[in-house]
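Can you make the complete structure from the sequences, with help from the hints?
Going line by line, the protein sequences match chains L and A.
If you read the first sequence in my numbering, its first letter stands for residue 1, the second for the next number, and so on.
If you read the second sequence in my numbering, its first letter stands for residue 1, the second for the next number, and so on.
Hints were generated in silico from the structure; no laboratory data involved.
The model shown is predicted, which means the values in this text are computed figures rather than measured ones.
Each hint should be verified, as a subset may be incorrect.
[To be verified] Reference listing, derived: stretches of chain L covered by chain A, where coverage requires no fewer than 3 residues with Cβ under 8 angstroms from a Cβ of chain A: (1) 276-285; (2) 388-400; (3) 432-441; (4) 446-453; (5) 456-470; (6) 529-539.
Just so you know, even glycine gets a beta-carbon here, dropped at the ideal spot from N, CA and C.
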Amino acid sequence: MRQDLLPLVIAAIVAWLVIGTLGLARPRHLPFISRVLFPAGSAVALALAIVALFAMSSPPQAMVLPLGLPDLPFHLRLDSLSAFFLLLLGAAATAITLFSAGYFRSGEGTPPGLVCFQYHGFLAAMAMVLIADDAYAFMVAWESMALASFFLVTAEHRIPEIRRAGFLYLLIAHIGAIAILLCFGVLQGGSGDYTFTSMRAQILDGAWPSIAFFLALFGFGAKAGLLPLHIWLPEAHPAAPSPVSALMSAVMLKTAIYGLLRVTFDLLHGQLWWWGVAALALGLATALFGVIFAAVQTDMKRLLAYSSIENIGIIVAGIGLTILFKAYDKTLLAAVALTAVLYHCLNHAFFKSLLFLATGSVLHATHERSLGKLGGLIHRMPWVAWLALVGTLAIAGLPPLNGFVSEWLLLQAFLFTPTLPQSFVNMLVPVAAAALVLAAALAAYVMVKFYGVIFLGRPREANLAYATDAGKPERVALIWLAAGCVVLGLFPVNVIALLDPVNTLLLGSSQGDTIARNWLMLAPINAERSSYSPLILLLVIVAVVLLTMQVVHRYYHGRVRIAPPWDCGFPAQTARMQDTAEGFGQPIRQVFETFFRIERHLPSPFDEKPSYFAKADDHFWYWLYVPIIRSADFLGRVVGKIQQGRISVYLTYSFFTLLVLLLLVR
Amino acid sequence: MSATGLLSQLLQLAIALALAPLLVGWVNQCRAWLQNKSAPSLLLPYRTIRKLFLKDAVVASNASPLFRLMPYIVFGAMCCAAAIVPSLATDLPFAYAADAIALVGLFALARVFIALAAMDIGTSFGTMGARREMFVGFLAEPALLMVFFTASLISGSTSLPTIVDTLAHRELAIYPSLALAGVAFTMVSLAENARIPVDNPATHLELTMIHEAMVLEYSARHLALIEWASALKLFNYSCIGVALFVPFGIVVEGADWLAMLGAAPALIAKLVVGGFALALIETLSAKMRIFRAPEFLGTAFLLAVLAMLVTQLLGG
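Here it is in structure tokens:
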């Protein structure tokens, strides 16, 4: 086993920082930035992924960097959990950075050199979060990550909505950061030592472990987009440039999952069952909420942002299930659930960045983000369309692609629950499984809408006829991600073998049996219980398809007549008669009406120019955030009254404060 | 995988492919009888498929390759499902490649492809059909999974052979969980196979179409494959119902093809009864408005969840 992998990871981080700084040297020299710097960043990401791959099965390595404040050096550590998320970061960033090479252009907003700096700083900060081994280094990296991503989100800072979205994002990121800081405060348990090694050794008593867990759930949940702190996600993702949305959704949300796993399973001991129930309930509520909102979106990036909320919900539900099993000492089952969680993290990184990048290409080709003005792009942009189809099928959870594998594993974990000793939890599980399955089925609805409205049908606007396909680096990036979706879908046993050290690290139990049994057949507990072999499934489907084509063409004929589409006897059909995104989401809006705050304007029969308008908003904004904003405003006004802005008044205040202090101190 | 295993696997697939249109013919015939109409021939679906194969395919000018690929993929997925569903024997080699969850996934794959292809041409009917199909699917699919989960809680497995083995070896009695699951399954099957009260397979009336609206642009060999695939789907669902709720007579031990031929009459007898029941349901009920469909399917979903809860409470 290699011992010198941690320095390589640090080297990658330094390389990213150097690349970013080079971008600052010539901020407006686009060819240098897009042909040299971004491809170099992509190469570094690939190297990092390879290093992380080796580090997965290596023993933990630690290091102390003489950086930071005096007496507070950075402690760094690379274990399998960090390595797994570094692998995810590297693999996704390879493609996203390559895509960025062709994406960022000079124009409005931040100059490309500065974007390059912020972008690579963001990558470096995320990598740093994953290897930090004390609270100080972690928080420094965490905050740098938040800041870098804030600047990237507001790249087009001249648009007021984007500034607003960035502000909201920064605000919630900081509320989360405070909770994480408090969580570390609880975890150090009075020892005053903020290294993770010391936290690991602390045994907290009483309610403290629970407090730490819920602070972590809140803090990391704010970053991940858990209910009710999801509010920034659908604002920030559409505002950011597409590669940045991809990076945030695919990787940054996962750093929050990393943090949650690190705190829950590594730094805390003796997980309690009701933490699991809480995480499960919160995760499922988030998943359902996310997917229902995704179904009614009309902006393609907003739709994907809500879909990210759904996927994070599924991941957190899986973490809840893992905690539940761990609390009852069913470590083997906990390993199945944790495997599902990690697998889904990896899957989501691939298919979500694929789809975000595809929307980036569409955005570049058409300058249009609204689904209502797209359509028929499969003819103009075949590369993007067919590769996005892979991502669409994967995210809809269809066999034999990767999204299905993690959902399958998670459902298997659910079905094992009857062995738990507590009957209340046992009753809860069917309901939870039902919610999960409902969310997964709705995801298919959402993705058919997403893909069908953008790429299929007839173009809804005339200028779509001039859309051009993605360039070469973009295509390579999309192919890399689509290939990832296929490979992760077809070789689940090999992927689980790769993930398994994390199970051993966090739960002390491994999936060795699953891996040893048969590389072709995924069977988590034993083959009698359940088995799934995507490769055989795919081969059979492909064989049947080819055979059918052969037979049909040989024994009958392959004649085709091309004709205009059938107009049902109404010749004046236009592209506007297709379903819009709104129309496609309308049934969902109707069924789940109570979930939305709907503003609707229906035309009356006598309107000269009839117009229809419907807007589905988030209740949380009005129930939770608007009151907070109002009270903050109110407080601000009250405080404003004593702030007169005249120096004599302030001197009077000082005088009275002094008097009161003297009275107290005396 | 042994040669005999492969042979019995192919035998089951061949029987499914051959019998599927017959089942559709039988249902149509029963329905005609029940509605006092003169019945079409039992073999009419075969003739329709053959006639469609012989015609020239008409493809819309703005169709993408996805449109022409879809019938093959859907047909492939349904054949795959027919190989997995234990209709004649349980111990088939391919059955281990996909369990109950993967089977539902296969159905979903077919559904998504049909819906995407329906949106491809960009006619208002196509997109409307796609929307409605996904709308019905998003409730029907979880309900179907819940039915399977009830059975897997009883048998402790999601693998279809094990489920059917366990259910076939239980004492003959009415189990409350299975009764609830059975009702839910019936409702789901009606919706998934585009039957009354959710959809009407015999109409092209715009207000009621779901499945037919999606395949409106298809003709000739493409349509033939789609028709055959939907017949296979009905056959698959019927076989799932038979395997879960009346599994008696299925070959459990080994996959001897002689034993499988022996099991065929039992299966056919059960399908004859099932087909008649389907025709009866279709005759007795009226088509619902599309917005009543969620209520209908929501009921199915809740019944299936209830079945799972009952299983947890009473242990099956």
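Contradicted hints - numbers only: 1
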